[in-house]
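Got chain Y; can you put chain Z on it based on the hints?
There are 2 protein chains.
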Amino acid sequence: MTEDLKTRLCAAVDAAFDRQVAFLTELTSHPSTRGNEQSAQNFMATELKTRGYDIDRWQIDLTDIQHLPGFSPVLGPYEDAVNVVATHRSKTAKGRSLILNGHIDVVPAGPLDMWDSPPFEPHVKDGWLYGRGGGDMKAGLTSNLFALDALTACGLAPAADVHFQSVVEEECTGNGALACLARGYKADAAFIPEPFAEQLVSAQLGVLWFQVHLKGLPTHVAYAGTGANAIEAAFPLIKALHDMEHRWNAKRNRPPEYAHMDHALNLNIGKFQGGDWTSSVPAWAVFDVRMGLFPGQSLDAAKQEIEQVIRDAAQQNAFLRNSLPEIVYHGFHAEGYALSRDSSQTATNAVTKLETAHQTVTGTPLTREPITATTDARFFGLYADTPALVYGPRAEAIHGFNERVDLESLRRVTQTTALFIADWCGTEEA
Amino acid sequence: MTEDLKTRLCAAVDAAFDRQVAFLTELTSHPSTRGNEQSAQNFMATELKTRGYDIDRWQIDLTDIQHLPGFSPVLGPYEDAVNVVATHRSKTAKGRSLILNGHIDVVPAGPLDMWDSPPFEPHVKDGWLYGRGGGDMKAGLTSNLFALDALTACGLAPAADVHFQSVVEEECTGNGALACLARGYKADAAFIPEPFAEQLVSAQLGVLWFQVHLKGLPTHVAYAGTGANAIEAAFPLIKALHDMEHRWNAKRNRPPEYAHMDHALNLNIGKFQGGDWTSSVPAWAVFDVRMGLFPGQSLDAAKQEIEQVIRDAAQQNAFLRNSLPEIVYHGFHAEGYALSRDSSQTATNAVTKLETAHQTVTGTPLTREPITATTDARFFGLYADTPALVYGPRAEAIHGFNERVDLESLRRVTQTTALFIADWCGTEEA
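Protein sequences appear in the order of chains Y and Z. Quick note on numbering: this note's numbering labels position 27 of the first sequence as 27, and the sequence is numbered without any gaps. Quick note on numbering: this note's numbering labels position 100 of the second sequence as 100, and the sequence is numbered without any gaps.
Hints are computed from structural coordinates only; laboratory data are not their basis.
Where chain Z lies over chain Y, by a calculated footprint (3+ residues, C-beta under 8 Å):
id	stretch
1	229 to 235
2	266 to 273
3	276 to 284
Cβ coordinates follow ideal geometry from the N, Cα and C atoms, glycine included.
So that you can see chain Y by itself, here it is in the shape it has in the complex (with noise of 0.2 Å):
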């Protein structure tokens, strides 16, 4: 690769800066919550389309996906799941492929109060755009089509067939990705902008999500000596959910990826609904869990620990004992993935690759990060025997109010994007 080459596709990326910063305006205000990504679904397929790449656009179907590995459950149907995949079909296919994978759904903006400006109005102030799922990770869906923008703007193209992947669910499942996967798109190497700051993601964890449902006598509050209160059973569950996530996160535990993190593995009780009147003892309560875990971690053995734990926890207390919570798997069944772990040729000149493009746009040398989340990079690594590249702009309050994404790290991100996948393909004229 030239360094004419290099120049012309940075160049490339900074005209059209103007544009995609626009786009990803755009796509920030389409409210794409889970079950709600319809309408930014529809602009990434017509802008893709325009491109003139070939759109494959799906809904989910379950029976495709629950067998596999990977799958995650999940609570109701999968009306309007729907994932875009737009390929670039190589004339001459003498480079190595790659999927450019990123997810369209978002997050719950949480109460309006709370953010300085309405969270799908999204809006630019010193450097950053403000707006949910800007930076996680709209933003990264822009990095990998205006790289790929760059590369026609040279009048080449990928000499390689390029998947660009815009797929739902990666907020609480993976399923979106999974779906890519079982509808057969395979390549050499997956790249994946999500916003952890221009490092290297080396490993993730694994995530369970789980639901501890209560339920017992409700009687009026007169005489609540009578009456077990379900929403106050659930406080030393809870209690007893911590001491394993300190157990879990102990130095024995952890792999060479995470040893010198004291506390990885976060539990985190997300949601908490129950009662229907004050002045009822409330019958029923629910609460849902997000459990971390290490890469190589038994999903199983987590799952059955988690229910021996709220087993032995429920055998305290008079009122669970005879009403013994119930646990309901409802997303996340995610194992972790560390590509660290990855010895093989092609992870090592991947991320040999990605390590050139960076050092040349950003002067400096790439570094790598364990991270304490997941994401759709499992599919990749784990089922699929493909190296998964997690590397993208900087961001804050991801899950946040005031959600923002560095609009001059996502320039280096899709400038490093545009020269890895000139680098990693191959080029061609377009």
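Structure of chain Z alone, referenced to chain Y:
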């Protein structure tokens, strides 16, 4: 009052009792939870009109009551909060006037799968009528009505004005009963057949409802350490409130009526909601509290202490210290009331006449019992100088699953009520 009349009144109740149970079954089938009382009130109004009473039916207007003592704050408007009052106007007006009061609103059913049969499809089994609200207190509405019917069946009517009240809002504010007061309904005594097992309620507690709102800075759970969990931040506040509950129940704080009860004042966490997404550290939580107060305990002082307890507990938590919980009052501002402290001649007379009627019907002396809940009696006793007798049938699992009322108890209460009306008001020819 002659023995013959007593016998005829009891026989009239017996003769109509199958119809009374059918009436109660139909009334209980109306799911008159807060906001949904209209169909039940329509049924009551139609039945009362058929019997020839003057019907007054009006929507509660906050501006009529919000300045009055005993008013409880509400969230949201009072659309479709309709009271029904039927009035018997005596031709002779030689006796004492009476208000027969009951509430039409019922508390939510809770999870339907916890009921052995649907809560709003009442049925009779082994002498009990099952259904939400059957006990609390639609049975009492029927005993008031069919007691009057018994007089009619004997060719008689009360020799004083009688106001039959079917009110809303008893279960959350009492503003339905307050609106009757504000509309000018007064009488020499009030009678409320709440389901307290054929005992006379000698005292009732005050009740305060409040919500505690917590807000925090959410974040991706991967960075849980940097975002405060609003759900779990609530737990120490609840602990502090329970500590306060124990202090309030201390022996030195108990009035004579409750001196023998170790735990008359119950603090109930009746509802809890928080968080939007399992993998986001929750930014908000709200919990609803019901707290009892002793008769004579100042509402304002209680509120001040509650606010102080919340503030102090919040100071112990780095997150809450910077984002103090907000307390919202949204229901009961109910003072305690003790009929036993009413030494007026009117109260003494009323109780004596109820004792006589009860003894006649049941063959046992009337017992008196302080209760650990509130009723609408407080409006008559505290704000209208009217002794309010709370005396109704035996019920079980009120506010719970499989709520039920003892039909033989209901029959006796209806007979006792008929005798009490005839004795208190005197009789005239119908």
